[in-house]
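Number of protein chains: 2
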Amino acid sequence: MDRSSCLLLFLAIGITCVATQECGYEKCRSLPIKPGMINVHLVPHTHDDVGWLKTVDQYYSGANSSIQRAGVQYILDSVIPQLEAKPERKFIYVEIAFFKRWWDEQDEDMHGRVKKLVDKGQLEFINGGWCMNDEASTHYNAIIDQMTLGLQFLNTTFGECGRPLVAWHIDPFGHSREQASLFAQMGYDGFFFARLDYQDKANRLKLQNMEEIWRGSPNDLGKVADLFTGALFAHYTPPEGLSFEILNNDPPVQDDPRLHDYNVDERVNTALNRSVEQAKYFRTDHIMWTMGSDFHYQAAHTWYKNMDKLIKYTNPGNKVNLLYSTPSCYVYHKNQAADVKWNTNNTDDFFPYADKPHSFWSGYFTSRPAIKGYVRECNNFLQVCKQLEVIAGPLPFTNGGPSSQRFREAMAVAQHHDAVSGTEKQHVAYDYAMRLHAGAVECQEVVSHALAGKMKKGSVEPPAAQFCAYLNVSICPTTEENDHFSVTVYNPLARQVTGHYLRLPVNGQSYTVTAPNGKPVKTQMLKVTQQTAKVRGPRGNATSELVFPVTVEALGYSTYLISRATRTTRSLFMPQAETNVISMAIPQSPRMREDIEIHNEHLSLIFDTTTGHLKTVTNLKNKLILNVQQAFYWYNSSTGNNQDSTQRSGAYIFRPNGTEPFPIHTKGSVITKVVTGALVQEVHQVFSDWVTQVIRLYDGQLHAELEWTVGPIPFKDSLGKEIITRFDSDMQTDKKFYTDSNGREILERELNHRLTWKLNQTEPVAGNYYPVNSRIFIKDNSRQLTVLTDRSQGGASLKDGSLELMVHRRMFYDDNFGVGEALNETGVFGEGLVARGKHYLMLESPADSSQLHRNLGEQLYMAPAVSFTPNTFSTQDWSNNFNMAYTALKRELPSSVHLLTLELAEEDTALLRLEHQYQAADGGTPQTVSLQGLFEPFEVVTSSVEELTLGANVHAEKLHRLSWNTQEGTTGNVSQRCWDPSSATVSLKPMQICTLRFHVKRRW
Amino acid sequence: MDRSSCLLLFLAIGITCVATQECGYEKCRSLPIKPGMINVHLVPHTHDDVGWLKTVDQYYSGANSSIQRAGVQYILDSVIPQLEAKPERKFIYVEIAFFKRWWDEQDEDMHGRVKKLVDKGQLEFINGGWCMNDEASTHYNAIIDQMTLGLQFLNTTFGECGRPLVAWHIDPFGHSREQASLFAQMGYDGFFFARLDYQDKANRLKLQNMEEIWRGSPNDLGKVADLFTGALFAHYTPPEGLSFEILNNDPPVQDDPRLHDYNVDERVNTALNRSVEQAKYFRTDHIMWTMGSDFHYQAAHTWYKNMDKLIKYTNPGNKVNLLYSTPSCYVYHKNQAADVKWNTNNTDDFFPYADKPHSFWSGYFTSRPAIKGYVRECNNFLQVCKQLEVIAGPLPFTNGGPSSQRFREAMAVAQHHDAVSGTEKQHVAYDYAMRLHAGAVECQEVVSHALAGKMKKGSVEPPAAQFCAYLNVSICPTTEENDHFSVTVYNPLARQVTGHYLRLPVNGQSYTVTAPNGKPVKTQMLKVTQQTAKVRGPRGNATSELVFPVTVEALGYSTYLISRATRTTRSLFMPQAETNVISMAIPQSPRMREDIEIHNEHLSLIFDTTTGHLKTVTNLKNKLILNVQQAFYWYNSSTGNNQDSTQRSGAYIFRPNGTEPFPIHTKGSVITKVVTGALVQEVHQVFSDWVTQVIRLYDGQLHAELEWTVGPIPFKDSLGKEIITRFDSDMQTDKKFYTDSNGREILERELNHRLTWKLNQTEPVAGNYYPVNSRIFIKDNSRQLTVLTDRSQGGASLKDGSLELMVHRRMFYDDNFGVGEALNETGVFGEGLVARGKHYLMLESPADSSQLHRNLGEQLYMAPAVSFTPNTFSTQDWSNNFNMAYTALKRELPSSVHLLTLELAEEDTALLRLEHQYQAADGGTPQTVSLQGLFEPFEVVTSSVEELTLGANVHAEKLHRLSWNTQEGTTGNVSQRCWDPSSATVSLKPMQICTLRFHVKRRW
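Top line first, the protein sequences correspond to chains C and W. If you're matching positions, the first sequence starts at 48 in the numbering used here and goes up one per residue. If you're matching positions, the second sequence starts at 48 in the numbering used here and goes up one per residue.
Calculated from the structure, these hints are not laboratory results. Just so you know, these numbers come straight off a predicted model, no measurement behind them. Watch out, some of these pointers could steer you wrong.
Copies of the same chain are indistinguishable here, so a pair counts whether it falls within one copy or spans any two.
DSS-like, lysine-lysine: derived pairs with alpha carbons at most 27 Å apart [stated by the list, open to error]: (1) K885 - K574; (2) K147 - K359; (3) K167 - K1005; (4) K162 - K133; (5) K133 - K352; (6) K352 - K81; (7) K147 - K356; (8) K167 - K81; (9) K162 - K352; (10) K662 - K162; (11) K720 - K885; (12) K472 - K668.
All chains, please: the whole structure from these sequences, using the hints.
Now the structure itself:
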């Protein structure tokens, strides 16, 4: 009896209607499992890319279908009635970016129907992030955010029954260990993926090791990060011949003997054969079939009708038991096999992914460097925006007014495995960028409003903040056009930032800068470089950059007032550093053949006079010297015309047509200019008319900054080019190098080697590339050369002492994995996209390096946010009317503790994540932080504090993960609680993230 | 409140549930029409070919989808819930061959749901035949049968609400006047089609004459055959850009302003523009949009969701009113416009169809001659089978046992406009043939059983009948292998047949044939010809054919006993005619150069000595002489490589690349043999090694028989060939010629002329071709040369006195209308299909001709059915044990009255159709027939007689057709009743068909 009928009866004769909930694993217990048979879990699923060949909204609506016949609205429209028709039918849904769009368009009646299906366990959410994020080019901060966005929607909308129990990354092109660790911390009981190296897969099949316990953080978090992980048998599609998708060609089950082509026998035999074949490779009585694929189930009835029949005819009399199921029920029944001891994977991840000998999916580690950079930058600003919503309170607008929501969603969408990965069509890449921009613009309003609220002292309203998105190419109308302006710098870290340098494009000769304390700040003026002028096109007219350091308190801002110097002011204040420029365009005199050096108090960089390349780096304090040559090279992309394979380099695939890259600079010195001064030293290098670099040392900084500008990559020779920067040092590194996993833990890599299986290396370059999300390093006993990146890139160490990063790529053929376009970014001006980015180079001892690069990374990825206003006040008036500095934190957190996220959950409820950012191997030790009296604008209502799982959708105390028997004992259900309500403190072990939700009691 | 809820309430508190019926035009009155606006009737429809690129069952199930993604089961599966979801939504369904398959697979619950939708007028059946039959190559008998099969299913299943009110031939490639006449007689109020000559359409658009009253039988049936007929505006598809089919690319209505690509304004503007544009060409406030196309609505939700939105956003504030509707409601509202006087079309039909200047769809008039011939043959046998089910009573088997049902369905399927038309893929053509064969085999059991029942006198069971399907190529194992056998000949006519010649393949030298009266029958032996041996391949070993005439009473049988003659018997009986053979293989002596003549008492045929071609035909009785040369020619199929057009000849299109065909015979005489004898004279002609002909005169017959054998058409020169037979006479015919319309009324044709619009002739050959379903003739004042065909063919008279028929065609390119295959029938032996058929030639005065060719046609298309048994009895014993002759008719019907169909409707209920087979112009006069005591095996229970419409689904007295105002007065709702219950007689005016259903009271 359905609810409406029941309701009528209730009205008529008083029967009470009770809805039964069968969520969690309850629903799995009642499945028609048959012990001793091959139980085949048919998992009806659709894989809905949150943008790829079409934009996310085109996929949702089904528009632009000449590209792809895919409309997600129709999937959900059509699945719901099919589930309602038969209680045994199941469906899983994954991508909440789509589900939320659909949900928002449904009426209350449909909301009720869907809730009923969720409560009954027929419709199950799996994974449940906003998207199915990429794992190779994503930062953990953004992963956590995007997962939280989806999981919180599910939690709010469906409660416990909407909670995904299993993670599902069936399409991403390789899998990071950090992803597994994060999923485990989010409380998932299982994790499935489809793509792993074909050699690895063959080996696992042979060893019945497709499913195992993956230890996501063996040296830090331990069992908390253990996760039952399964590699799928047949990609994520149905077994061959058993797809019942309306757009596929497999035969339906024709069971009407009155018609021609009755094929029940053939269909059943196919099902039996596929079952028996697959069961050979899997432990326990259970196997899983992924019944669906990309954008399947737009006409769900074709699937269910045929699967109903397949089950009906296959099961009787056979030792195979097909049943509708879900990944969570599959995991549950795997877990029930008490006698099985699962293997563990303690070390490895699943990078790089090759699906065949010459198809290594390591091109996308770098593809579309501009969007990769923009995504990282946006993550930074989104954190600022979210923090300020908590600090200043939500904007006093009705729903739909400016908030961080749009930016959260845009960022979540951008984490999709065809978004930040760079594997989407060009028009889709533009759409992602547009969404990010729109989100950022809305957040600018939020930030502006929040800052104004804190700045305002009396009745005078602070001027509205303006933002300059193009500071990297020296464009900022506010600073260019105004003689008097303010700069307000917000610091999202939980510690003071000092010695952070601003570079503001200006047109004047000289400027005075006044700090919040009223004192003048030392500045230095630099000419805008030719390279910048070239990159920025017709926009921006600044001739110079004004450089000065700023200091900002934790979760606070500082306002600096800047005025163009008149002769008078110039004589009054003269903290401006002299800038000396040696132009190298003049033919070098013999005197100049001496080595060129720049240095600050920490580092000295020496350049080879003949080539102009970096030659030696010296850590002056620790007396570490490294001979390290740095230059740019290009790999010629294979066009697939050699004997071994037709594989071409493309958006996904990196396949150079040789092992040695070509140097971009061939003769003479690359150095065109050396700039020295009190605040910054620069060496300007021109490697070619499309590759330049500025190497900088800022006063007081421990690292050197290498700002590379690459592009337009030449296309007239029709050769695909993949550009790298390479550091060749004299270190003996024993084939080892180190890369981060999504910006968190560090993994050791070894040339031509995999940790858990024997590699037959078929691509000596591409097969050694790994994702570098934030850092890569090589080391010997005394020295560690660490390079931090400002975006995700592919990186490798192909020779001892060498370290390379791919910065840009352009090619002219599609690599044949569906995107259907060559990765040929033509950019705004048509000639080819120019990418500009930074590498941050440190030379320290291995012992010192780890904490130093952790803290540098934290500063880079949570850099201060800068806003501007034209200024009509005098300095005095400004400081009379407005607060020039502020901190929301009453005490700084220790350097090991990173304030990962702080955001509004509801109007007076905040979500806070604190992270121990050191690994034990970094020397990290447990740390305790008190929340009492920590925040300036509000008090944490300690009685309201809820400790949550990482995805913020489950109370930590209510989480009961499945326990698994392994060769090393039981794993899985352990808890590592961080919140002590009695002391109101948070305790963190290395790498632990503590997720808390609490009411805030505002102090105003 | 739905019924189940209501039922619960009823149980609980006694509320009574009443289902409301809104069928007929009732539902149309409540449509949200807005007078003064453009009311746009959105008609959701799917066009489901009953076989084309895939077989009918593949289309039903969705199998073989690499060819086409089409599965009709999913259409109905998916439409039903969509209709249930919103009461204003409508859907029409057309092809009952599919609907019945689906219905049979549904459970009772679904049956109830569908009935409810039908009762509410949401699901409306339109047309309602088993298929949407072809109009160019179908015989009216088969059209009536296939329509009846569908309409009776609807009537039985859904009652009055299931009755289609409108005919719907949106895809057939040209439209016959007889089809309109039959539809009118079936009681339809309107008729829509899409395909008409592009010039005709342009003209009609200009004159606002797309909709008119078509007079289907202006000179005979009059108003009874008048039909409101509309040519659709935009083929049968939605207006451009407004398809919401999952497999199409038009944009959905994106009405969520939160998403990108919001397009409501554009979608509404498109709808408005399309409405306003179309409305210009149509009268009244109403226009119709066909919202669907081939196999659309497999995912019906994509359609309804978007149409709902289109209606929602378009209507407010605009002078356009979109509404869900049906063709019948559209017709109803057209009819409501009291002030409009509709034009009438009194004369023309819509053949041939050209969609552009060089694309005349006149190839399919002949395409696949073998299946066209087989379909005609099967119609004949099906009538026999159905008659015998009535005469002998249904077979005493449970449901599913042998009956005519399978054959009825196979024949109905074969009438589809991509079946008998020859425009299907080869594998589908094989499937149709297989279905016909299976149906025929089942009917052989029915016939065998029925005959045995009538033959049996006492306790001895008659031997089971055997059938010989290959008599046309002299194959019959029973007659070849047995020295003694019986032949039982059943005559399905309501009159005695006499002088009907059998030709039985035998291996003996001489045979005795004993008639039912025990007397010997005169025979003649002929050698099996070389041509036959070539055609029949390895099957069949007969060396001779035994020829003899038979006589059979109306609806009765005669058994002839045949024995191979021993010397003794040979001397006793010697009625065997001498056969003289002159072999022309011998070089002709001067003596032979005289004209060759064969003749019987009615006709003399003289052949030219030099060429061997027919030269002169003389009607000896009436002293009519016609110089008429007959020979075979081929048109070279265009391959589209000339300047005017890229159109090629193909399955649909006839496009010769020149106006003059090439003669197939070029030198010497074609005559190889002249056979004379008392029963049959034959001239054997060999035109080439792939074209031969035997011209025959049988003793006593008024016509000459020309048996042509064509094929394998040579392919090594890669030239497509379209083979014609042409008769060139000395008559002055003033460009006029005459063709039948589906085997019934005769239409006058004129070279390079259309009756109702001015033709710009662009294809002088193909543009003058017309369908010849049964006969074509030319005439002058005194003579009429009539040729009857044994199947549908294309025919023309391109010169005065000339008459040509296309008999076979083979080409090597697809003509680009979807079939995707060249019409290149390779046949069983791979070399190319050999087709064999007959033309029946009469030379009579025009006054005599019409009734003579009517009666000859009746005999040809309702020829006797012949079965065999090996015989172990003596002649005496046979006649002692078995009845050797029988008639089910106690008195013959007059020659003007054709017993069109006699079949079982239910176990003791028969359906009878009597037809006046003369037109008034033939001299037909009203005729009355009494049913009392007419049938031998049963009495018609006269009190039970119901007079029905032609489709047998409506009581004639209950039919109220809509009346239409025309320039010539009111038309439409008139009745022409045929049954007089008081006298128990049927009265028939010329061309009238009387359809009666009655109980039979069996006499046993």
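How the hints compare with the structure:
no. : hint         : result
1   : K885 - K574  : within (19 Å within a copy, 99 Å between copies)
2   : K147 - K359  : between (35 Å within a copy, 24 Å between copies)
3   : K167 - K1005 : within (21 Å within a copy, 53 Å between copies)
4   : K162 - K133  : both (16 Å within a copy, 22 Å between copies)
5   : K133 - K352  : both (11 Å within a copy, 23 Å between copies)
6   : K352 - K81   : within (23 Å within a copy, 42 Å between copies)
7   : K147 - K356  : between (32 Å within a copy, 20 Å between copies)
8   : K167 - K81   : within (22 Å within a copy, 46 Å between copies)
9   : K162 - K352  : both (23 Å within a copy, 22 Å between copies)
10  : K662 - K162  : neither (65 Å within a copy, 87 Å between copies)
11  : K720 - K885  : within (19 Å within a copy, 99 Å between copies)
12  : K472 - K668  : neither (49 Å within a copy, 85 Å between copies)
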